[in-house]
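*Asks:* Chains as they are written, first to last, in our numbering: chain E, 1 to 177; chain W, 178 to 407; chain R, 408 to 708.
Treat the hints as calculated values from the structure; they're not laboratory data.
Among these hints, one or two may not hold up.
[To be verified] Where chain E lies over chain W, by a calculated footprint (3+ residues, C-beta under 8 Å): (1) 187–198; (2) 316–325; (3) 380–389.
[As the list claims (entries may be wrong)] Here are some of the chain E residues that sit facing chain W, going by a computed Cβ distance under 8 Å: (4) Thr-103; (5) Thr-106; (6) Met-137; (7) Pro-138; (8) Asp-145; (9) Tyr-149; (10) Asp-156; (11) Arg-160.
Ideal Cβ placement from N, Cα and C applies to all residues, glycine included.
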Amino acid sequence: MMQAIYDRLKDRFQLGALDVRSRKGLAFVDLRREFLRPVLTELRDVEGFTHLILLTAVDWIEDERFQLTYLLNNRQKNLDLGLRLRLDRNLAIGETIHDLWPTAATYQRELREMFGIAFPGSPRVDEEFILEGWTDMPPYRRDFDTLAYSQQTHADREGRETSDPREFMKQILYPKD
Amino acid sequence: MKHMDPNFRKDTKTEFPQREELKPRKVTTPDGQVIDIEPLQDYFCQEPPKVHQKSYFKIVEDFYNWCRAESLWILAFGTGCGAIEMRPLMTPRFDAYRYGIQWRATPRQANLLMISGYLSVKTLKRAIRTYEQMQGPKYVVGLGSCTINGGMYWDSYNTIKKLEEYLPVDLYIAGCMPRPEALLAGFMELKKKIKAGNAEGANKYAEKFDWYKANQKAVIKDWDMPDYNW
Amino acid sequence: MSIDWPRIGYAALTLFIVINYGMIMTALVRKIGARVSGRYGIRIYQNYIDLVKNIALRSKITHGVMYYLGPVFRLTGGVGLLLFVPTIYGSAMWSNFSFAGDLVLALYFVFFGTLGMALGAAESGHPYSAIGITRGLSQVTVAELPLALAVFAISLQYQTLNITDIVAAQQGGIFNWTLFTNPVATLAALFAFVGTMMRSPFDVVIAPQEIPIGPPTEYHSSYLALMQTNRVLFPIAKTVIYMNLFFGGATNWFEFAIKVFAIYMISVLVGVVHPRFRVEQSITFFLKWGLPVGVLAILLV
Ligand code: SF4
C-alpha cells in the first residue's frame, strides 16, 4: 500500500528511495526542499495522511546538515510516513507549515529554541518555549557539550563516583576476564 | 565514561535582556493621568528577610518546637519524579496523618517544603518564590539523589546539583526514588531535629541571604522577581 | 445599665467548654472518617497542637485592616451565634444572652461570618481567594434558603421568635420535639444543615486539597489560628440552634454533648459516603430539593 502511494508521488516530486523500517506501514523517504509543501499538501488532502505525529530534527554535525523529520499518519489505512529533509547547518532556516497543521507551530517553536532552526512566519516562534532565560547556544546542537556546561555551572559534590556500566557489570559478573 | 569536550566553554558573556513587562514605563490611568511605573519597585516589596529571635524562655521555646514538630504541614508542590512517592503517604497503608503530618494547598499555611526530586533551573525559580512565601519557622527536605548531587541528571545542562546552595536544607532523604517508608523515617528524623531546636533554616536563610541570592542568581539568568518575596 | 458580671463569666465559661468540646469532637469526627477509609487517623489532640503551632509561627504578614477583620468577623459570628442562643435550657447560668426575637439574630449570625471572611480575603488580593468566596457565598446562600423557610414555619407554629420559648414548647417527652410535630420543617432545615456544615458532599469551597483552597488561601499563623478556633466553634453553635429548634434542646451539659454529637454525625455520615458536588451542582440540588420542602413546610403549618 505504501509502495503504491510512493509510486504515485515518486516522479512528480523527485522523491528519494523508499526506506521501509522495522514494520510494515512505517517508511521514510528523502525529500527535496522545494517540494516540501506540495508533497505535504498532496499527502494530507489526497492520500489521507491527515495527522502530523511529530516534527523533529537531527543534528548531523559531520555532514554540516540538520535533518528535519515530518512524521505523518494515515489513520484509515494505518500507515506512517516520515519525510526527511536536509537543511544546511550553518544557514538553518526551515519553511513553516503551521498553515497546514496548526500544531506544527509548537514543534517549530521547540526546534527554534532547542536547535536554533529558524522558521520565519511561524506564530510566536521566537518566544521562549521550555527554557527560561537561556543565553547559551541551543542545547540540542551536538557541539553543545552538556556535561562540560553542567560542570562549569553547577558544582559537583565531593565523593561522587561514576562507573562505566559496562566495565562495572563486567567486574561483577566475570571478574576473571 | 562519557566523553567531554575539553574545549567547550560556556557562554558567560551574554546577558539575558530584561523582560518587557518589567521595564519602567509610563501608563495612562483610567482618569487620564499619566504615571510612571517601575514594576520591580512598585509591584513588589523589597524588604529582606529578618532573623527572628527564639522565645525568651527556653521552656516555652521547647514547647513550641514540640508543637511544630508534631504538626508538620507540607506544601503540596512536587518538582520531580519523587512527588509520586508522597501521595501514598496519605493512603491507609502509610497514613502519615497519624504523625501530625498534613498537606496544605497554599505556601502561607505550610511550613515544610519538600523538594521532591530533580530541580530544573526553571522550577528552582518557583521553588524559591514558594519557599520565601512560607512563614517561618520553615523547613526544607530534599528528596532523592537528584537534590543531593544531581543523581542521574548529573550531566544535565538544566538541573541543579546541590540543593543546599540555593535553599537552607534541613534534611536529605537519599534514594532514587526513596520509598514511602524512607520518607516516614525522614520525617521522624526531622522531628527530632526540630525538637532539639536545630532546625533554624529560616534564620540561616536570613543571615546568609546575600550568599543564597548570589548562588541563585548565578543559575537563574532572567531574574524577574524581587529579591525576597515574603 | 449595670453590667451583669457573673453572666459574662458564665458566657466565657460556655465558650471555653464549647471550644474544647469542638476541638475534641472535630478530631474525633476526622478519626471516624479515617477509620471508614481504613486509616488510623489523626491524634485526638492534634487540633490543639496545630493551634499552638500556628500561634507560635514567628513571621506574619498582613494585607491591611480588612484582612485582620476577616477572621475576627468570622469568630464574632461564631461567638455571637453561640452566646445569643440558650445553650442549656432552663438554667439561668447557661442561657447566656438569649432574648425575645433572638431567632432572627441567630439567623443573621449564621451568615455574618462568611460575609466578613469574604471582605477580608478580598483584601488579600489573592485571585484564588476571590474564586473561593464566590463559590462559598453562592453555595451558602442557597443552602440557607430552606433553613430560613423552616424557621418561618416553626415560628408560625409556635407563635414566637424566642428560642427559649420554642424549646420550652418542646419539653415533656420526645414526641413534643419539632422533629415529630413538624417533620417537614425539620427535613428542610436538615438540608440546610448538611449544606452549610462544610462537609462533603458540599465542602468543595474549603477543601484543603483543592488548589483554590477558598477564602483562607492567604491566611496563616495567628489569623489561621483564629479561624481554626472558629472552625470548631461555629459548627457547634450552629448545631445548638438546630438542637434547640428541632430536637428539644438540652437541659444539661451531658445531654448537650450527646445531642450535638448525634446531630453533627448526620452531616458526617452523609459526608463520608458521598463524593463532592461541584458548586453549581449543589446549588441546583438545593433549589430542586431543599427549597420545595421548605415551601411545603410553610404551607403545612
Ligand atoms: S532521585 Fe531519581 S526518582 Fe528522584 S527525581 Fe532524581 S531521578 Fe527522579
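*Asks:* Indicate, hint by hint, whether the structure satisfies it.
*Replies:* Hints versus structure:
1. 187–198: holds (count 5)
2. 316–325: violated (count 1)
3. 380–389: violated (count 0)
4. Thr-103: violated, 23 Å
5. Thr-106: violated, 18 Å
6. Met-137: holds, 7 Å
7. Pro-138: violated, 11 Å
8. Asp-145: holds, 4 Å
9. Tyr-149: holds, 5 Å
10. Asp-156: Holds, because the Cβ-Cβ distance from Asp-156(E) to chain W comes to roughly 7 Å (cut-off 8 Å).
11. Arg-160: holds, 5 Å
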